[in-house]
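K.L.:
Spelled out from the first residue to the last, the chains are:
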Amino acid sequence: MKDKIILNGEGLQIRKSFGCDSSSPIDIFSIVANTENYTVTYYPMSDSLSGMCRKIGEDNLIFINSNMTYGRQRFTLAHELYHLNVERKFGSKVCEINFDSANESEIEANKFASYLLMPHEALFSFIEKFNNKDNYEIEDVIKIEQYFQISHKATLKRLKEDALISEENYIELVNSKKSIKAIASEMGYSTMLYEKCEGFAKTYGAYINKAKEVFPDSISERRYKEILLEGFREDLLSINEEENFNYD
Amino acid sequence: MTEIIESSNFLHERKIVVLDADYLSAFFISRGKLLFLDLYQNLQLPTQVYNELKKPKSSELGFLTRLDSLIQSGKIKKVSIDAPSEEIKLYSWLVDDEGLGKGEAAALVIAKSCNGILASNNLKDVAKYVEMFGLEHITTARTIKLCEERSIISLEEAEKMWRNMKSSQCTIKLPGTYKEFKIKNE
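Quick mapping for you: the protein sequence lines, in order, are chains A and B. Reading the first sequence from the start, the letters are residues 230 to 477 in this note's numbering. Reading the second sequence from the start, the letters are residues 28 to 213 in this note's numbering.
This is chain A alone, in the form it adopts within the complex (with noise of 0.2 Å):
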């Protein structure tokens, strides 16, 4: 199993090779949705998966579980990022929510999308206006998760790997039965990362760039229709019609 460290060097290779700095929080969808030979979609999938990833040459494909909460997608789209462009030798995944325990790729992938999405020197600069306090309230972590955008579980998680709170303090906060999102929303935070997004079915990124692409010139208006349709865009379509057909 690889060490933390090499998991946080690696998950700011990665940040590097998109554009991105060392320590912001980060716009996970935009950026991959906007990076060459990357297609995102979202699906409505069943509630054991996350989501799955393949690469054919040099296209990387990522599926997201759409019925997830934001937080989860976030999280959901950095693992994918760790078996497209970390592991090696890798062809296609499909990742459960409950996976193995023995499962090191899956292992790795959670700690990568953990230390992409929050790295280790950003998060310990964060809490830095912390004090070094020995127990967290609810409320610090949502701080964190709020400034960082990763999920609730995910956050405490990280905290107790990084021996930022002590066992003890993970146990209380984890079987608190305070609502995290009533607590959110009363400090002032958006609610959006612990909302489950209704299940949608939208492509974005290199599937919709290649196709506007090679239209007209290599495919039929019906073809590059169809295309939007298969990537469920049909949100696209209507900024085709004002294209006439030719009439007799």
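Warning: the hint list may mix true and false statements.
One-sided and incomplete, this derived list gives chain B residues near chain A with beta-carbon spacing under 8 Å [what the hints assert, rightly or not]: (1) Lys82; (2) Gly126; (3) Leu127; (4) Lys129; (5) Gly130; (6) Asp152.
Calculated lysine-lysine pairs in the DSS-like style (CA-CA distance at most 27 Å, straight line) [unchecked claim]: (7) B:Lys81 - A:Lys431; (8) B:Lys151 - B:Lys129; (9) A:Lys431 - A:Lys322; (10) B:Lys155 - A:Lys441; (11) A:Lys441 - B:Lys82; (12) A:Lys439 - B:Lys116; (13) B:Lys129 - A:Lys284.
In silico negatives: residues of chain A with every beta carbon more than 10 Å from chain B [what the hints assert, rightly or not]: (14) Ser251; (15) Ser354; (16) Tyr376; (17) Asp391; (18) Val403; (19) Met416; (20) Thr420; (21) Tyr433; (22) Ile437; (23) Gly460.
Don't read these hints as lab results, they were simulated from the structure. Here the structure is a predicted model, which means the values were calculated and not measured. For glycine and all other residues, C-beta sits at the position ideal for the given N, C-alpha and C.
Please build the complex by placing chain B on the supplied structure of chain A, with the hints as guidance.
P.N.:
Same frame as chain A, now just chain B:
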């Protein structure tokens, strides 16, 4: 009246007419008379075209129920391209190499294989293949004209249909009025 009914029976084109999505949807969306039923005896709908009409956006336009009922009653026959066959090879060439949509490719191949008539409004992308395969071709506009000339519908009905199609959500873009089209195409 009897004479008109008898002559309209004889006017039923016996050749197979292969229906493409835009041709069909122009009639359905404008809620006009389905004139192709009056003109043609042998109507075939490629499975790929049917699947295209089933998709969101198309199916939201609400005519799938009507189409299904025509298929069930046998007035329109849903057809597939057999595999393996020369037709499948041609279909694959049109889709994979020539970049055509699955529906328009299937319609072209089926029309060619049965020496039928292609009913499609898409002159822009399929004209080249209509010529290449030596196909007969009918559009929605010409269908209206044929029916008006054969008194299946009146001039007034043709104009109304024309106006409805222009103002509806169908993708066909018709010029001016039916009368202007008729004069231009005498």
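K.L.:
Indicate, hint by hint, whether the structure satisfies it.
P.N.:
Comparing the hints with the structure gives:
1. Checking lysine 82 (chain B) against chain A by beta carbon gives a least distance of about 5 Å; that is within 8 Å, so the hint holds.
2. The closest approach between the C-beta of glycine 126 (chain B) and any C-beta of chain A is roughly 3 Å, which is under the 8 Å cut-off, so the hint is satisfied.
3. Evaluation of the leucine 127 (chain B) hint against chain A yields a held restraint, the C-beta minimum of about 5 Å falling below 8 Å.
4. Below 8 Å, beta-carbon pairs count as interface contacts, and lysine 129 (chain B) has one with chain A at about 6 Å; its hint therefore holds.
5. With 8 Å as the threshold, the beta carbon of glycine 130 (chain B) comes within range of chain A, its nearest partner Cβ sitting at about 6 Å, so the hint holds.
6. Proximity of aspartate 152 (chain B) to chain A holds as hinted, the smallest CB-CB distance being about 4 Å (cut-off 8 Å).
7. For the hint linking lysine 81 (chain B) to lysine 431 (chain A), the alpha-carbon distance of about 19 Å falls within 27 Å, and the restraint holds.
8. Proposed proximity of lysine 151 (chain B) and lysine 129 (chain B) is supported: the alpha carbons are some 16 Å apart, at most 27 Å.
9. At roughly 20 Å between alpha-carbon atoms, lysine 431 (chain A) and lysine 322 (chain A) fall within 27 Å of each other, so this suggested pair holds.
10. Under the criterion of a C-alpha separation no larger than 27 Å, the hint pairing lysine 155 (chain B) with lysine 441 (chain A) is consistent with the structure, at around 22 Å.
11. Among the hinted pairs, lysine 441 (chain A) with lysine 82 (chain B) is consistent with the structure: their alpha-carbon atoms are about 21 Å apart, no more than 27 Å.
12. Pair hint lysine 439 (chain A) plus lysine 116 (chain B) holds up; C-alpha atoms about 25 Å apart against a cutoff of 27 Å.
13. A distance of roughly 26 Å separates the Cα atoms of lysine 129 (chain B) and lysine 284 (chain A); the hinted pair therefore holds under the 27 Å criterion.
14. Every C-beta of chain B lies more than 10 Å from that of serine 251 (chain A), the closest at about 43 Å, which supports listing it as non-interface.
15. The non-interface label for serine 354 (chain A) is consistent with chain B: the shortest C-beta to C-beta separation is roughly 47 Å, beyond 10 Å.
16. Every C-beta of chain B lies more than 10 Å from that of tyrosine 376 (chain A), the closest at about 38 Å, which supports listing it as non-interface.
17. Every beta carbon of chain B lies more than 10 Å from that of aspartate 391 (chain A), the smallest distance being close to 46 Å; the non-interface claim holds.
18. Distance to chain B confirms valine 403 (chain A) as a non-interface residue, since its nearest Cβ pair spans about 42 Å, more than 10 Å.
19. Consistency note on methionine 416 (chain A): stated as away from chain B, and its beta-carbon is indeed over 10 Å from all of that chain's, at 40 Å minimum.
20. Listed as outside the interface, threonine 420 (chain A) is consistent with that label: its C-beta sits roughly 30 Å from the nearest C-beta of chain B, beyond the 10 Å cut-off.
21. Every CB of chain B lies more than 10 Å from the CB of tyrosine 433 (chain A), the least distance being 18 Å, so the non-interface label holds.
22. Isoleucine 437 (chain A), annotated as away from the interface, keeps every beta carbon of chain B farther than 10 Å; the closest lies near 16 Å.
23. For glycine 460 (chain A), the shortest C-beta to C-beta distance to chain B comes to about 12 Å, beyond the 10 Å cut-off, and the non-interface label holds.
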